[in-house]
Amino acid sequence: MTRRRLAFALCLLLIAAALCAQQPAAKNRGEMPEGNQAPGPGMSFARDVVPFIKANCVECHSGEEASAGIHFDKHLGDGSLAKDRKTWARAVRMLRAGLMPPEDGPKVQRATAERLAAWIDREISTVDCTGPRDPGRVTIRRLNRVEYNNTIRDLLGVDFKPADDFPADDVGYGFDNIGDVLSLPPLLMERYLDAAEKIAETAIVADPKPAGQRFEADRLRGGNQQGGWRGLYSSGEVYRSVEVPQGGSFAVRVRAFAEQAGGEIAQMELRVDDKAVATFDVRAVENKPDVYEKTLDLEAGRRKIAVAFINDYYRPDDPNPGNRDRNLYIGSIEVSAPAGAKADLPETHTRLITATPGKDRSTAACATVILREFCRKAYRRPPTNEEIDRLVKLVLMAEKNGETFERGVQLAVQAVLVSPHFLFRVEADPGPKDPGGVRTISEHELATRLSYFLWSTMPDDELRREADAGRLRKNLRAHVERMIKDDKAQAFVENFAGQWLQLRNLDSFNPNRRQFQRFGSILKAAMRRETFLFFGNVLSENRSIFELIDSDYTFLNDALARHYGMDGVTGPEFRRVELPEGSPRGGVITQASVLAVTSNPTRTSPVKRGRFILEQFLGIEPPPPPPQVEQLKEDGPLTGTLRQRMEQHRRNPNCAVCHKQMDPLGFGLENFDAVGAWRDKEGDEPIDASGELPDGRKFNGPSELKQILLGDKADFRRCLAEKMLTYALGRGLEYYDRCAVDDIVRAVEQDGEGMQALVHAIVASDPFQKRRGKLLGEN
Amino acid sequence: MTPVGLKTISRRTVLRGLGTAMALPLLDAMLPSLALAAPAAKKALPKRMAFLFVPNGIHMQDWTPKNEGKDFDLPPTLEPLADVKDEIVVLSGLAHDKARANGDGPGDHARSAATFLTGCQARKTHGADIKVGISVDQIAASKIGHETALPSLELGIDRGANAGNCDSGYSCAYSANISWKSPSTPNAKEVDPRLVFERLFGGGSGDERDQAKKKRNEYRKSILDLVMEDAKRLQAKVGTADQRKLDEYLTSVREIEARIQNAERRPAAPPADPDFKKPGGVPRELTDHVRLMYDLLALAFQGDVTRIATFMCANEGSNKSYPSLEVPEGHHDLSHHGGDKAKQAKIAKINRYYVEQLAYFLKKMRSIEEEGQPLLDRSMVLYGGAIGDGNAHNHDNLPLVLAGSAGGTYATGRHVRWSRETPVANLFLTMLDIMQAPVNSFGDSNGDLAELTR
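In the order they appear, the protein sequences are chains H and B. At position 65 of the first sequence the residue is numbered 65 (the numbering used here), and the sequence of numbers has no breaks. At position 192 of the second sequence the residue is numbered 192 (the numbering used here), and the sequence of numbers has no breaks.
The following block holds chain B by itself, in its conformation from the complex (with noise of 0.2 Å):
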């Protein structure tokens, strides 16, 4: 056994560590572009990832095709896909086990949401300490993220939980993100389409004149400069959960200060449709929600504002009721259906709701032209939750959807079934390959899904 003292400094040394290990895909961002572009002077399309979430596991039934290959039905869940049918890839069989009690004891919402872009174990705790991993996109985003004005996208539609317990002894912070920036930071998300537009294509006042824009620039740079001096004596004078506190601090001002410079070399685009409004906020009905923030995200892709991003479509365990569905139960209530069909098929039109949504995201992907290729087909999507069922709160076979192909990658128009207990990771391995991001392993993963692009 690791003698007490032994254990603190190691975790002590990985936890400062963090700060460096977190900059230093920053510092290559603060050079300029040129440098990093010049050697490679055949410029490759941008290819793009993003993850949609969707809460409470799926009546699996109808769900997954009864069919493997190219072949493959379509079951009631995955019908609206039929118009790109040939555009997504069904992976069945893939399984986060980490998601799992493992000596946890209850609390597999709080660790869907967790582990779905993680692959790790969430560390069980109300506040103090909490941890996960750092997740796919993060990964992503830190070593390509510098490409594009920003380096990733976080998008959802329920703001965090406000009160209570969110699962089981599971901070909420664990629930309502699924980004995270270190392990110990979850990367908050933007619910309100106003203001993801303004941080897409810059704020109302368009017509701040580049030489004041400048400016503002140097100045912001400057205070930056400052309250980083600020931090780091700050530093010298506090515990280590502090330092911690402080070193997610740095990180992000480091990011800023990164993303002002980046910001120089591109200046903000308006939109690339121009009859796209500036949203004025939150709309009422939840669909108008959901359909905007698809539409910023396309729009931000297509404008290559950036390449990495993700969305929770709702937060893991919500409860939210679907009156527009004749669903006035709450979506997690009914998910504890156990075995009740009229439970169950409501749950059934909750999924397709989210599955028709998706439909109108890739769709409009598809519509959108880049260089004679549609965007989509440049880009993947993956879709789905890190519970199967939402009954079992099984963490196997879980519902996912691969759509687009990143540049014919990869074969699409068909159903996959892995072997069971394949880790999620392994394909998120894969997928940080493919947008040549690649690290050795990545959270359980046990090996690659190099299948996929067979």
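So here's chain H without its partners, still in its complex pose (with noise of 0.2 Å):
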């Protein structure tokens, strides 16, 4: 490897400023001398920065491979850092996290780097919270498919989750609530379509009056079918099983004729569930069939309805060959409904249907008082006139093609739930013309982004009743504490929660059977339940939010606790365990379920669950090994554990840059096996938790490390604000909202680091409040 291709390689891996030294001259060029010319408050970016970045930077950050893909040739020549917050912000972790510059490269002081990234900090985040401040703007959501199924839940009362059959929805900045990623191809319209008719045909009943159940001769059994009849032609029966919905005085109607022989008239007895209740005699002939009929009660449930040939008679000798055989012959059996009973409707029918047309009430005027309630909900806002009145244009169009009503309306509700207003949470810009305009979003729209944050579904009465009334963000706080009680919440917990924890991951993941045989499917669901109880009880008792770090108790039931080592603890039921001292759980990283998800299906993977440290608790994105690094000659065989192999892996200076900050972080967990199990060994050699951050603190075992985390205060919490801020809004966070960040945080420090405090602050913030009419830039 020539040393320019060490060089490249080196800096492929460095973030922000690095000094890729090819002579030891350069590295003393990028020393800054103490006093010298050390940034302090005068800096500017012209005489400051510029010469920084450009004696430490910019060879390896520039040109056709750019290192990381970041350009300082171009952000130099801005002349500002305003045009790329985002790449000065990554410069500032990356200086401040002491992973730049590398440990190879210039040894820039450690007060100088902080002082740099001090000033570029406050430089790209102080001029924007000064200004009028930009709340951002949501991409049109698509509901994803927990939230279609939730809220046809509670829209219709039909909870048959008919989004189980829908495609995936794709996952943006971690989450699947992404405006811009929920796209909305063929496939899925066709679903839509699916689902509306499979809804509202569940929902309504098209036809309301009680119909009876006629059954045709095919549709029946026994005898023998000829043409539309079944003929018998000795004793016997024919009959059909007949699903009574509710108990009730019945017609049984039977179309029958015979052919008579012998004197005596051909005898059809009537039977319900073998028991005969009435005889007929069928006089009637095959060119002229009657209808026998008897009324009669039946219970609910399935009914065997049955008509039998009783007294069967054939002289094949009598030489009348008109006497000769006696037979009778079934052409349906029809059952009616009870007399005077309607129909049995679903609740949803009789919910919906509140208006029937009548003598003084037209179609038009009752479809528009159902579908006007209907979109109420169903768009989360008041419907406009023009759209009832598009809508029930639909009913009446059913009406005059010989519908019933019902049809009409069923035909309206499909159409609400495959329009845009009902699929997309839709926020219309009153003004998209211009440019910078700010708003405050409307009640309704409040209500419904509290309500989807929260419970993944539409808005309920109260909310609605409350954003009528426009009162909604006047008692803002008691509605979110209110919201939170209820059951619903519970979607928060997991949608949220599952999704930052990567719990759903757990369904895919499938360790080696033969090393961990205990590991099935009740100890995954177990894992996941620990989790979200945990989570939960963070949220309803508004604990603080460093005991997703940290904490003295956690919920097991008895194959989880056996699986932690821990008795005391029978039955499947889950209930809250206090942890005893010294316990090496409590918190979120020591559970099995995160434990599980961030190793490999063989082993654990340190640098899995580092960086899940890095990246979901202390917001910071270390980049992924470039590939050529894994290709570069090993020294000789790794030998050892897991973790003495990495080690020499890491000698390898360009594994090294990143790797000693996310491995260290992994090594305090390695007392876990890949299913989360304590172990003290692994295969002979005996487990060495301890590690070394780059800034030189140094831990053994999981409890110190989660004792690092804790001092790190500032850091967890404003990732978990980020993290759930971007899940709130359903959009990733751009520089600008940085300002509203720094809000939340405070909010949340200053009113005792509660969960609940967390979540108030975020539907206080700006982003969560307004919006902007559209994006600067666009006309």
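Just so you know, not all the hints are guaranteed correct.
Claimed, not checked - Below are the DMTMM-like pairs computed for lysine to aspartate or glutamate, each with C-alpha atoms no more than 25 Å apart in a straight line:
1) H/LYS294 to H/ASP344
2) H/LYS608 to B/ASP225
3) B/LYS364 to B/ASP83
4) B/LYS124 to H/GLU541
5) H/LYS713 to H/GLU749
6) H/LYS294 to H/GLU334
7) B/LYS349 to B/ASP129
8) H/LYS698 to H/GLU581
9) B/LYS278 to H/GLU201
10) B/LYS131 to H/ASP84
11) H/LYS524 to H/ASP487
12) B/LYS232 to H/GLU197
13) H/LYS393 to B/ASP225
14) B/LYS237 to H/GLU386
15) H/LYS485 to H/GLU443
16) B/LYS277 to H/GLU190
17) B/LYS221 to H/ASP389
18) B/LYS213 to H/ASP218
As the list claims (entries may be wrong) - Beyond 12 Å from chain B on every Cβ pair, some chain H residues (computed):
19) GLY231
20) ARG255
21) ILE484
22) GLN490
23) GLY536
24) ASN542
25) THR570
26) ARG697
27) GLY732
28) ASP766
Simulated from the structure, these hints should not be mistaken for laboratory data. A virtual CB, placed ideally from N, CA and C, is assigned to each residue, including glycine.
Both chains are given apart, each in its own frame, so use the hints to dock them into the complex.
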């Protein structure tokens, strides 16, 4: 490998300022002597930042093969930091994390780096927060699968999860509710249409008049089918099993005729569940069949309705051919609805169909009443007259086609369920031509945002009422508290925490069964449940967000307690368990669910675990390894425990740069195997769970690691706030959101660090309460 | 440098135009087929085109035949194709330059899937403004899709990602999809065999009478007209990003409308194989799942329900383990083998496993006859991925096999090596020509692959 190539490979790993040392002299040049060029309050971009970057960074971060896609050459030309806030924010993080400049690069003093970072940081954040703030602009959001199912459940009371057949929603920024990412391909449209039909037909009965059930010969059993008839040539029966939805008085009608012989009239016995209930003389003949009717009581349930031929006669030697054979023919059996009874209408039907046309009420008037109420809920705002009129036309069209009123309403409901106003959460811009205009979102839009944030579903009656009255914003805090108390807030736990902590990946986590024999679907479900219960508790009890890092309790059942090696928990039900002194558990990082999803199927992955903590808890995104790195020749075969092998790997300076940040965090969790069970040894080698962070802080084992994480309160607070804000808004955060995040973390800190404080602060924040008219720069 | 204002206008124009651009072929589709078919009295047998994707690269040492030309050998990974050796072309040397970083840093897996059928550079984004390019299957679908009940069929095994980052700053949309309806709309794939069956051969209620079905379709059309009006009115009230989403909506509605009209002319027929039962859902065993999807694909082609399909054997970057192959490790973890022989052997096992399933499909396609000709001969089936070696993450010398000869358009039973850096997009250009859906250029194409047909 040439020097140039080595230098290139090295730089690939570096995110921000780096000096690709080609000769020792360059190193000295990169060093910034204290008190000379040291950045201070009077710094300027041109005088201080530009020379620093030019000296240390540009060589790698420029041109065709710019490291990490960062082009400092371009950024410097702008003359200000404001145009590339994202890049500079990354530079700040890297400088502060001690990752830049790299170990083998220039020795920039820590204080110097910190001062430069602080100045840049100030430059890119203070600028925004003093002036008018940009609340951002959420792209119109399609309901994702969970939201669709929940919304249908609450809108219609139909809980058959139609969205389970929808294609998967794509994920962006770690969540599946991001407007920009949720697309609508034809396949999904097709499913929406199918689902709307099924839902409307389940919720509304198209023909609510009690209708009889009529079975023609081909749907009856017994006898010999001949054309439209079933013939009974000897004793026997023709029957049918009939579902009786509700008990009562029914008329059973049998269409029949007979061929007579031998003096007697053909006799037909009507039987219910094999018990005779009536007998008829069937005098009707083939060219003039008759209907034989009996009114009787039927109990609800599946009933066998049969008609039997009970007086067969057969004399083949009778000289009169017309007197040889007596036969009975059945054409149909009909069971009419109970006299005077109403059809068994589903609750949804009676709730939706609040008016039916009659003498003094027109179809249009009734449809208007029904659809206005339905659309208020479905569109999550009062519908316009024009919208209702067009739907009513659909009902009228159906009527013209000879359909029932209810069928017409079915069609209108279908149309509502595939309308963009239902499928998307629309926040229409009153002034789309006003590029910079910022507006406070309407009360209904706020109700909708709140409801999908905390419940993953549409607003309930109370939210809607309050929004109608314009009182929602005034009593916001009380509403949020009520919503958190509601059972529906479980959706927030499952969808936010489930994605933030990547628990959804448990579904597809299949560790090697031979190594992890105890692992199975029961344990998997228990793992997930522990984390949901724990997170749910932190939320509902308004516990400190730092309990997510460490706590003195958790939730266990017998299976999980056994997995954790803890005694005294019996039975499959979950309960709160106080953790003994010195327990390595507590907090979510040491829960089996999180430990498993950050493992490989056959072994732990300290890298994945370290990366997980960095990304999900500290808000630092380390870059993945550049592919060339692994092609570098190792000095010899790697031996020993996983940790020892990884340390050998890390001797390679190309790997070390990032791994010295990730690996120690993961090493601290090495006492937990790939399914989160405690272990003291790996094979025959004892586990070494000590680690040293790039800044020199040392720890040994999970408990000390958690103490270190608790020392970085600001990082975790900000990270969690950013994740939750992303989820709440359904969009990725932009540089200008920094002001809002600053406000949120400040509020959380002042409000006692509670989880509910975080939720309140997010709900109160500008990006949640407001929106920009249009993207700046759009026309 | 373009002034910012101008740049935005042009981007917006493009985005707005997109809806119309995508709609045009569908307008064609709405014409009665008779009008289209009338002049062409002699009807040639239709050709079929399928793209089958495998993730994480291939252990190329066990893949690439040593010999070129007709006398080529089948290395261990390709060995399962011995039975259909005369019906395949092994393509070596082709490259997807746009799957490379080109300044965007890491993320080769996301780019592999995104570029595979588009030949375009995916915009690096977690979510805002996802953009790559229209995929080759969708270009074909837009031109000839109206001739069948379904313009195209998108199949897969894995649902989209559940949570977390998919690949180094790329949205999961990139690694979970290979078919792109527009540069910003991935075509979601169907993973449940039951739902695929219902789409192809109609729902369970097969006894719905024609009259009732006709009425239902009429109502569906009225409903779609109504909501289309909703969307159009809404477009006037929202900004660009929202308009793009509503364009997606409108495009999809139009396509469904065209499909309803299409279905009236060609009512869904039961599967050609009367013994084939409607699947109950996703099978437990991977092999059963993969084969069932291949069965359905073959049935779709056989019944001429569609002529264009894509199938993802797994999502790109998949970390699935293969216990039945004695590979308990995750596929993606293994693919970063670092030269470890044992890991490479396991990668080769997974590679071979998927080639076995491919062989199953190709043999099935060969066993089905259409007017005396094996269906396979009427088809073009491209199998492979856009990563060469999983460790190197290279995007040149890609593992690709083309099966079937599209009605004898080109000679099969050979191994062809193209000059280095020949874009895969050139192959797509030629394939589109063969499907009679020609375009002047595609992705990063710099010519066609006419040599293939010589």
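Right, here's what the structure says about each hint:
1. H/LYS294 to H/ASP344: holds, 22 Å
2. H/LYS608 to B/ASP225: Between H/LYS608 and B/ASP225 the Cα gap is close to 50 Å, so the pair fails against 25 Å, i.e. violated.
3. B/LYS364 to B/ASP83: With a Cα-Cα distance of about 12 Å, the restraint between B/LYS364 and B/ASP83 holds, given a limit of 25 Å.
4. B/LYS124 to H/GLU541: violated, 40 Å
5. H/LYS713 to H/GLU749: Holds - the C-alpha atoms of H/GLU749 and H/LYS713 are around 10 Å apart, at most 25 Å.
6. H/LYS294 to H/GLU334: holds, 11 Å
7. B/LYS349 to B/ASP129: Cα-Cα ~38 Å, so violated.
8. H/LYS698 to H/GLU581: holds, 22 Å
9. B/LYS278 to H/GLU201: holds, 24 Å
10. B/LYS131 to H/ASP84: holds, 21 Å
11. H/LYS524 to H/ASP487: holds, 23 Å
12. B/LYS232 to H/GLU197: holds, 23 Å
13. H/LYS393 to B/ASP225: OK: H/LYS393 and B/ASP225 at ~12 Å, within 25 Å.
14. B/LYS237 to H/GLU386: holds, 16 Å
15. H/LYS485 to H/GLU443: Roughly 21 Å between the alpha carbons, so the hint for H/LYS485 and H/GLU443 holds.
16. B/LYS277 to H/GLU190: Status holds; Cα separation ~23 Å.
17. B/LYS221 to H/ASP389: holds, 18 Å
18. B/LYS213 to H/ASP218: Roughly 22 Å between the alpha carbons, so the hint for B/LYS213 and H/ASP218 holds.
19. GLY231: Nearest chain B Cβ is 25 Å from H/GLY231, so the label holds.
20. ARG255: Holds, since 22 Å exceeds 12 Å.
21. ILE484: Non-interface label on H/ILE484 holds, nearest chain B Cβ at 23 Å vs cutoff 12 Å.
22. GLN490: holds, 17 Å
23. GLY536: holds, 18 Å
24. ASN542: holds, 25 Å
25. THR570: holds, 32 Å
26. ARG697: holds, 27 Å
27. GLY732: Contrary to the label, H/GLY732 does not stay out of reach of chain B, its closest Cβ about 5 Å off (not over 12 Å).
28. ASP766: Correct as stated: the minimum Cβ-Cβ distance to chain B is 18 Å, above 12 Å.
Checked against the numbered hints above, the structure violates hints 2, 4, 7 and 27; every other hint is satisfied.
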